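Guided by the hints, dock chain D with the ligands onto chain G, whose structure is given.
Heads up: the sequence lines are chains G and D, in that order.
In this text, residue positions in the first sequence follow the UniProt record's numbering: the first is 1, and each later residue adds one.
In this text, residue positions in the second sequence follow the UniProt record's numbering: the first is 1, and each later residue adds one.
Don't read these hints as lab results, they were simulated from the structure.
As the structure is a computational prediction, the values presented were derived from the model and not from experiment.
Some hints could be false.
Note that identical chains are pooled: a pair holds if it fits in a single copy or bridges any two copies.
[To be verified] The list that follows gives simulated cross-link-like pairs (lysine-lysine, BS3-like), each with its CA atoms no further than 30 Å apart: (1) K175 - K91; (2) K210 - K91; (3) K204 - K277; (4) K323 - K122; (5) K204 - K260; (6) K226 - K4; (7) K267 - K104; (8) K91 - K293; (9) K204 - K181; (10) K122 - K277; (11) K175 - K14; (12) K4 - K343; (13) K260 - K116; (14) K289 - K323; (15) K226 - K72.
One-letter residues, chain by chain:
2 protein chains.
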Amino acid sequence: MEIKIELTKHPKEKPSSENLGFGQVFSDHMFMMDYTEGKGWHDPRIVPYGPILYDPALMVYHYGQAIFEGLKAYRTRDNHIVLFRPDENMKRLNQSCERLCIPKVDEEFALMAMKKLIEVDKDWVPDAPGTSLYIRPFIYATDPYLGVRPSNTYHFLIITGPVGAYYKEGLNPVKIYVESKYVRAVAGGIGAVKTAGNYAASLKAQQEAKDLGYTQVLWLDGVERKYVEEVGTMNVFFVIGNEVVTPELNGSILPGITRKSCIELLKHWGLKISERKISIQEVFEANEKGLLKEAFGTGTAAVISPIGELYWNEQRVILNGGKIGELSHRLYDELTGIQYCEKPDPFGWVVPVV
Amino acid sequence: MEIKIELTKHPKEKPSSENLGFGQVFSDHMFMMDYTEGKGWHDPRIVPYGPILYDPALMVYHYGQAIFEGLKAYRTRDNHIVLFRPDENMKRLNQSCERLCIPKVDEEFALMAMKKLIEVDKDWVPDAPGTSLYIRPFIYATDPYLGVRPSNTYHFLIITGPVGAYYKEGLNPVKIYVESKYVRAVAGGIGAVKTAGNYAASLKAQQEAKDLGYTQVLWLDGVERKYVEEVGTMNVFFVIGNEVVTPELNGSILPGITRKSCIELLKHWGLKISERKISIQEVFEANEKGLLKEAFGTGTAAVISPIGELYWNEQRVILNGGKIGELSHRLYDELTGIQYCEKPDPFGWVVPVV
Ligand SMILES: Cc1ncc(COP(=O)(O)O)c(C=O)c1O
Ligand SMILES: Cc1ncc(COP(=O)(O)O)c(C=O)c1O
Numbered sequence: 001m002e003i004k005i006e007l008t009k010h011p012k013e014k015p016s017s018e019n020l021g022f023g024q025v026f027s028d029h030m031f032m033m034d035y036t037e038g039k040g041w042h043d044p045r046i047v048p049y050g051p052i053l054y055d056p057a058l059m060v061y062h063y064g065q066a067i068f069e070g071l072k073a074y075r076t077r078d079n080h081i082v083l084f085r086p087d088e089n090m091k092r093l094n095q096s097c098e099r100l101c102i103p104k105v106d107e108e109f110a111l112m113a114m115k116k117l118i119e120v121d122k123d124w125v126p127d128a129p130g131t132s133l134y135i136r137p138f139i140y141a142t143d144p145y146l147g148v149r150p151s152n153t154y155h156f157l158i159i160t161g162p163v164g165a166y167y168k169e170g171l172n173p174v175k176i177y178v179e180s181k182y183v184r185a186v187a188g189g190i191g192a193v194k195t196a197g198n199y200a201a202s203l204k205a206q207q208e209a210k211d212l213g214y215t216q217v218l219w220l221d222g223v224e225r226k227y228v229e230e231v232g233t234m235n236v237f238f239v240i241g242n243e244v245v246t247p248e249l250n251g252s253i254l255p256g257i258t259r260k261s262c263i264e265l266l267k268h269w270g271l272k273i274s275e276r277k278i279s280i281q282e283v284f285e286a287n288e289k290g291l292l293k294e295a296f297g298t299g300t301a302a303v304i305s306p307i308g309e310l311y312w313n314e315q316r317v318i319l320n321g322g323k324i325g326e327l328s329h330r331l332y333d334e335l336t337g338i339q340y341c342e343k344p345d346p347f348g349w350v351v352p353v354v
Numbered sequence: 001m002e003i004k005i006e007l008t009k010h011p012k013e014k015p016s017s018e019n020l021g022f023g024q025v026f027s028d029h030m031f032m033m034d035y036t037e038g039k040g041w042h043d044p045r046i047v048p049y050g051p052i053l054y055d056p057a058l059m060v061y062h063y064g065q066a067i068f069e070g071l072k073a074y075r076t077r078d079n080h081i082v083l084f085r086p087d088e089n090m091k092r093l094n095q096s097c098e099r100l101c102i103p104k105v106d107e108e109f110a111l112m113a114m115k116k117l118i119e120v121d122k123d124w125v126p127d128a129p130g131t132s133l134y135i136r137p138f139i140y141a142t143d144p145y146l147g148v149r150p151s152n153t154y155h156f157l158i159i160t161g162p163v164g165a166y167y168k169e170g171l172n173p174v175k176i177y178v179e180s181k182y183v184r185a186v187a188g189g190i191g192a193v194k195t196a197g198n199y200a201a202s203l204k205a206q207q208e209a210k211d212l213g214y215t216q217v218l219w220l221d222g223v224e225r226k227y228v229e230e231v232g233t234m235n236v237f238f239v240i241g242n243e244v245v246t247p248e249l250n251g252s253i254l255p256g257i258t259r260k261s262c263i264e265l266l267k268h269w270g271l272k273i274s275e276r277k278i279s280i281q282e283v284f285e286a287n288e289k290g291l292l293k294e295a296f297g298t299g300t301a302a303v304i305s306p307i308g309e310l311y312w313n314e315q316r317v318i319l320n321g322g323k324i325g326e327l328s329h330r331l332y333d334e335l336t337g338i339q340y341c342e343k344p345d346p347f348g349w350v351v352p353v354v
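Isolated chain G (complex conformation) (with noise of 0.2 Å):
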């Protein structure tokens, strides 16, 4: 397939690059292509970003049967851009459209669609430090019809916009509330999917925690409601003694990304790494013990979060006293400096745009 390329007549202006927030501007030009039932994917075209006409019964808004992925684009010191592990995420990404019902994309050629769209508007990719092009591809139901079946067309779509450094003034600790009443997924459901309902699920916890004074709530399993599951956004680890525990995955939490690559360097250096099942009364023994030095979230948004309180059940903890663990810290640097290029990729895990 050619990716059809129509250029934008009325460039936006791009704002500074040192005032950058998330999720809120966009790039000049969005790729999108369209799915229909006999036809498969077709009329893949780069063209200006802009509003879409839809019918009010777009089976999207009714149904929810739309998926996502979330990667960056990183401008380097000597003025390149890279990707990091696109692979993995156009990887999830189908796995998320198996899920949900939703036609596989050729994982080749959506990345080739990106990395196109990345070149056309490479003036957008920011450039002062921790700065990065945000790259949102989706996928969503398009049939006009209420019923609930899996729709026979959708259309898939890369948008993109320049995102600000997440740590503005250094690698912040959250303070993080464990959540017992609500349940975000379960076995047998579409937890360890990226697919809207997921995170329309997750709104009123957060909204709660949120006005209790924390940042994010940790989920808890929802059969049990005892072992630890994810943060938010977020996969979440602890280091426990000598050793270093990420909760397994179990079919209800995102495998992410950057959670995949903490273990390979964690493992790659010799630490002791446990991917198992670990109950949030084994991190509050831990704590009494004194065996609880750090905990931190990981995703592709913060890279690493560092945890500096923990609530939950009346009982509050705080890690390292409330400041960023060395772990925390070496993963951290570890990670931005292989995404950025300024430290050896070991991994093959950067990939060139231009």
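This is chain D with the ligands only, laid out in the frame that chain G set:
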């Protein structure tokens, strides 16, 4: 708030009342109103049905913050148009809003707007036996923003369309597959409200059951995978000996309005109706003992859907010889009788429109 009305200049051709499907044909007009943080719900209007221009970063595509309702308007033999318990739908709409962090609507105002819309499109309410006008109120997040938080803007729409008789060849019993692999919802989650993500989560199981020759899946609870929850877009009832049993509202099943009406009718008739936990094991054991007389689903679309066959764990149960049961029939006749004003309405369920 005054509802502005703009009538279409291009009325569409109406389909013949005899050949109606479901969810594919929409009336000439739609109701719409907007929510803006700080301003509340505003600009209620009835406008020609048609597409809307949306930014591709529209939050609903990404995070699924969307809820809906479904009900019907019926044309009576003496040419009035009536609704069935629409206040219950408006109440549930707001319960869904609450769970999804969507600002609530004024229930009375929304009901009034709905009636106004039906009045404007009254010629779209079909008159063949068993036909009706399907009404879909829905709300979705419209901020063009990538980040997981409740939206600050929303659209509330009501669209309608004529729908055919659900049972063209009489009340045909359906074949149901009891789902052991996938889970629809769990207590603490969003299963008890009508939000988009629940339906996306159900597609895969539904598709696999269909491939095996079944019409719908019966969901079991997500914790123990033992207790009956509901069927597709219906609640479920079993007649065991002289007891009618339906799963209690446990926080993961939808509180159906047809379910509620059936319970009230059964009580009114002096029958023993229990809302309680019921395991699939109990259902199959009752069958072995010859006590399982009937099973049926209840929902707005089908009213009553008799179950002719249940498949679970390599066991097959044929109910009532695969024919519709006595109580299923009685409930169907009574409910449709009330809905079309052919039977007395002792509970005041019917609400006139015009
Ligand atoms: C629910 C959830 N968990 C974890 C993650 C972390 O995944 P990744 O490291 O691939 O960004 C994300 C974000 O993508 C997420 O949405
Ligand atoms: C998941 C689910 N359960 C049950 C029902 C039945 O509810 P009601 O009787 O209000 O139509 C519906 C349909 O609305 C539904 O979507």
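Review point. Are the CA atoms of K175 and K14 at most 30 Å apart within a copy, between copies, both, or neither?
Key: Neither way: K175 and K14 sit 34 Å apart in one copy and 58 Å across, limit 30 Å.
Practice item. With 30 Å as the alpha-carbon cut-off, assign the pair K204 and K277 to within, between, both or neither. Key: both (26 Å within a copy, 27 Å between copies)
Exercise for review: If the cutoff is 30 Å on CA atoms, where do K289 and K323 land: within, between, both or neither? Let me know, please.
Suggested key: within (19 Å within a copy, 65 Å between copies)
Review point. How would you label the pair K204, K181 (within, between, both, or neither) given a Cα cut-off of 30 Å?
Key: Intra 10 Å, inter 27 Å, cutoff 30 Å: intra and inter.
Exercise for review: Give the relationship of K267 and K104 under a CA distance limit of 30 Å: within one copy only, between copies only, both, or neither.
Suggested key: Classified as neither: same-chain Cα gap 33 Å, cross-chain 50 Å, threshold 30 Å.
Practice item. Using 30 Å as the alpha carbon limit, work out where K226 and K72 are close: within a copy, between copies, both or neither. Key: This pair counts as neither: shortest intra-copy Cα distance 34 Å, inter-copy 43 Å.
Review point. Given a CA cutoff of 30 Å, do K210 and K91 count as a within-copy pair, a between-copy pair, both, or neither?
Key: The answer is between: 27 Å across copies meets 30 Å, while 33 Å in one copy does not.
Check your understanding: When no copy is specified for K226 and K4, does a C-alpha distance of 30 Å or less occur within a copy, between copies, both, or neither?
Key -> neither (52 Å within a copy, 53 Å between copies)
Check your understanding: How would you classify K4 and K343 at a CA-CA limit of 30 Å: within, between, both, or neither?
Key -> neither (37 Å within a copy, 62 Å between copies)
Check your understanding: Is the C-alpha distance from K91 to K293 at most 30 Å within one copy, between copies, in both cases, or in neither?
Key -> neither (34 Å within a copy, 49 Å between copies)
Review point. Using 30 Å as the alpha-carbon threshold, which applies to K204 and K260: within, between, both, or neither?
Key: Both, since 28 Å and 27 Å are each at most 30 Å.
Check your understanding: How do K323 and K122 come out at 30 Å by Cα distance, when the copy is not named: within, between, both, or neither?
Key -> neither (37 Å within a copy, 66 Å between copies)
Hint check: violations occur at hints 1, 4, 6, 7, 8, 10, 11, 12 and 15; the rest are consistent with the structure.
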